[in-house]
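Enquirer: Just need the whole structure built from these sequences, with the hints factored in.
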Amino acid sequence: MIIGLIVLLLILVIVILGFIKISNNLKRLNTSVEQAKADIEIYMVKRYDVIMNSMNVVKEFIKHEDEVFSKLTQIRQGMNLEELGLQASIQEEAGRGLLALGEAYPELKSQAVFVQLQTQLEDQNEHYAAAKRAYNSNVSRYNQTVVVFPNSIVASMLGFKELPFFKDEYATVKKDADIKF
Amino acid sequence: MYNYVDYNSMKRYKRISRLLIVLGVIALIIFNNSIFEIFIGMSILGVAGYFQWKYEDQYKDQILLPVIRSIFPNSNFEISYSDPILTDSFYRVGMIYKDEKELLSNYLTIENGDNTLIHFTCEEYNTSGDSTTTTYLGTEISYNYSTNIEGVVRVISSRKSKLTKTERTFISEDCQLTPAKIETGELDFDENFEVCASNEHLGFYVLNSVVIEKLKAFRDKYGEFGIAITCDNLYLSFPGKDRFIKIPRKTSEINESMFSHAQEEIQILIQMLNDIGYAISKHSDKEMIFKG
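Protein sequences appear in the order of chains A and B. Going by numbering that gives the first Met the number 0, the first residue of the first sequence is number 0, and it counts up by one from there. Going by numbering that gives the first Met the number 0, the first residue of the second sequence is number 0, and it counts up by one from there.
Hints listed in this document are in silico derivations from the structure and should not be mistaken for laboratory results. Note that beta-carbon positions come from the ideal geometry of N, C-alpha and C, so glycine has one too. Possibly wrong hints are sitting among the right ones.
Simulated pairs of lysine to any residue, SDA-like, Cα-Cα distance not exceeding 20 Å [said to hold, decoys possible]:
| # | chain 1 | residue 1 | chain 2 | residue 2 |
| --- | --- | --- | --- | --- |
| 1 | A | Lys45 | B | Asn147 |
| 2 | B | Lys180 | A | Asn29 |
| 3 | B | Lys249 | B | Arg17 |
| 4 | B | Lys180 | A | Ser139 |
Some but not every residue of chain B turned toward chain A, in silico, with C-beta under 8 Å [stated by the list, open to error]:
| # | residue |
| --- | --- |
| 5 | Glu182 |
| 6 | Thr183 |
| 7 | Gly184 |
| 8 | Glu199 |
| 9 | His200 |
| 10 | Phe203 |
| 11 | Tyr204 |
| 12 | Asn207 |
Expert: Right, here's the structure in full:
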């Protein structure tokens with residue numbers, strides 16, 4: 000009877016320790032996903048700033064100024080993935096348009112300030128791409144942890160669900176980010 | 000090519016050395032009844048050692064170095080069998096590891112400006128501390144390339160758990176500068192490479208898809224390697240003896256093709272490092288170094 004009780008207690012202790020370990024792991028992974036999302040926001044803000052600065056330099060060459068400015072919005076903290084994805088696509092299009100302007104207008108390409116902004120924009124594109132890859136990698140790790148047994152039981156008890164990957168293809172789906180310079 | 004070499008002097012040293020070694024050994028075998036006789040035998044061997052040293056010195060200075068310098072005129076060479084390896088920068092970025100019982104020494108150093116190639120040995124002291132056993136031979140390279148990144152990214156083309164104890168010299172287990180472990184999400188790459196970085200974002204920033212492909216190609220060509228990428232240098236570590244250039248120990252082993260082959264190998268390596276650096280920094284290609 001006593002041995003049975005001790006065995007039962009031991010099993011209980013193991014289960015509790017296992018539960019705590021899995022729970023901590025899930026929380027840690029969830030935090031790293033949130034951190035990665037915050038990084039995406041940071042680099043999108045930086046890219047937004049570079050694009051806006053570039054706009055000031057090239058505004059006389061832009062044909063559809065209002066359209067461009069109306070589509071680009073400042074990145075706010077706490078935007079959901081869809082909003083971020085949409086803005087990312089708009090930034091992408093805007094950035095591509097800015098770089099294309101350099102090809103279309105040689106006088107613009109010869110300006111040092113434009114070349115500098117072009118370099119900054121390309122660098123910010125790289126940073127954004129890195130932040131996106133980091134986010135998706137963290138989500139992948141998190142999702143893999145959430146779905147496997149016995150983590151799935153702990154996850155469902157604590158309300159951890161699979162997370163979506165970050166995509167910046169919403170613009171093409173929604174067809175409302177068609178920016179032309 | 001070797002016209003200016005004093006062959007007669009070298010041959011003389013070699014002959015004298017051999018003769019004295021034979022005499023010394025005979026003396027020790029026959030006349031070992033008193034300390035005085037043993038002393039004489041040992042003295043003969045000592046003098047033989049001196050002439051052998053003179054021969055090796057002349058071989059190195061008058062034959063080997065002129066040949067190497069004629070093929071690599073822009074580089075400095077140091078061939079030594081006892082110098083302590085200059086490892087500060089390699090240690091800092093986690094490219095070499097040694098514990099207290101081990102001694103690292105470089106036997107070949109090639110320098111060209113800020114670029115360095117080192118062949119080195121790792122020796123472990125035995126328990127009494129009076130002799131050593133060679134446990135590892137490796138090559139370290141420091142290649143100057145401005146990547147402009149802020150921090151360090153370390154990539155090892157093998158999971159550390161797979162390395163044997165002696166191979167651990169190849170790369171430091173931990174490095175304070177690279178606490179963040181990175182999984183890129185590319186299965187093939189993640190299975191075969193281990194990546195640590197100063198922070199997660201930097202790791203993903205450096206390891207863009209082009210860099211990943213370049214690193215895979217590098218692994219296909221060179222096998223196991225470690226690379227630490229900093230703002231102004233690429234540090235590389237390769238396990239194995241005499242990578243890229245082999246220094247012959249005898250005159251008979253010297254031939255020009257082995258050095259010109261080494262030059263080609265080094266040029267290919269530099270080209271591949273340039274490609275990796277370029278993929279990180281998007282800078283224009285650098286001019287070739289180590290080039291004759």
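Enquirer: With chain A as the partner, please determine if B/Glu182 meets the hint condition of a C-beta pair closer than 8 Å.
Expert: B/Glu182 check passes; min Cβ-Cβ to chain A is 6 Å, inside 8 Å.
Enquirer: Do the alpha carbons of A/Lys45 and B/Asn147 lie within 20 Å of each other, as the hint requires?
Expert: holds, 18 Å
Enquirer: Regarding the pair B/Lys180 and A/Ser139, is the alpha-carbon distance no greater than 20 Å?
Expert: Answer holds: B/Lys180 to A/Ser139 is near 15 Å, not above 20 Å.
Enquirer: Let me know if the C-beta of B/Phe203 comes in closer than 8 Å to any C-beta of chain A, holds or violated.
Expert: holds, 4 Å
Enquirer: Does the CB of B/Gly184 sit less than 8 Å away from some CB of chain A?
Expert: This hint holds: B/Gly184 lies near chain A, its Cβ roughly 4 Å from the closest one there, short of 8 Å.
Enquirer: Would the hint on B/Glu199 be counted as holding, given a Cβ-Cβ threshold of 8 Å to chain A?
Expert: This interface hint holds because 5 Å falls under the 8 Å limit.
Enquirer: Does B/Tyr204 meet its interface restraint, that is, does its C-beta lie within less than 8 Å of any C-beta in chain A?
Expert: With Cβ-Cβ at 4 Å, under 8 Å, it holds.
Enquirer: Using Cβ atoms only, decide whether B/Thr183 comes closer than 8 Å to chain A, and label the hint accordingly.
Expert: With a closest approach of 6 Å, the B/Thr183 hint holds.
Enquirer: Straight-line Cα separation of B/Lys249 and B/Arg17 no greater than 20 Å?
Expert: holds, 15 Å
Enquirer: Given the proposed pairing of B/Lys180 with A/Asn29, does the C-alpha separation stay at or below 20 Å?
Expert: Distance ~16 Å between B/Lys180 and A/Asn29 Cα, so the pair holds.
Enquirer: So, as I understand it, the hint says B/Asn207 touches chain A; can you test that by seeing if any CB pair is closer than 8 Å?
Expert: holds, 7 Å
Enquirer: Given B/His200 was flagged as interface, is its beta-carbon under 8 Å from a beta-carbon of chain A?
Expert: Given a least distance of 6 Å, the restraint on B/His200 holds.
Of the numbered hints given earlier, the model fails none.
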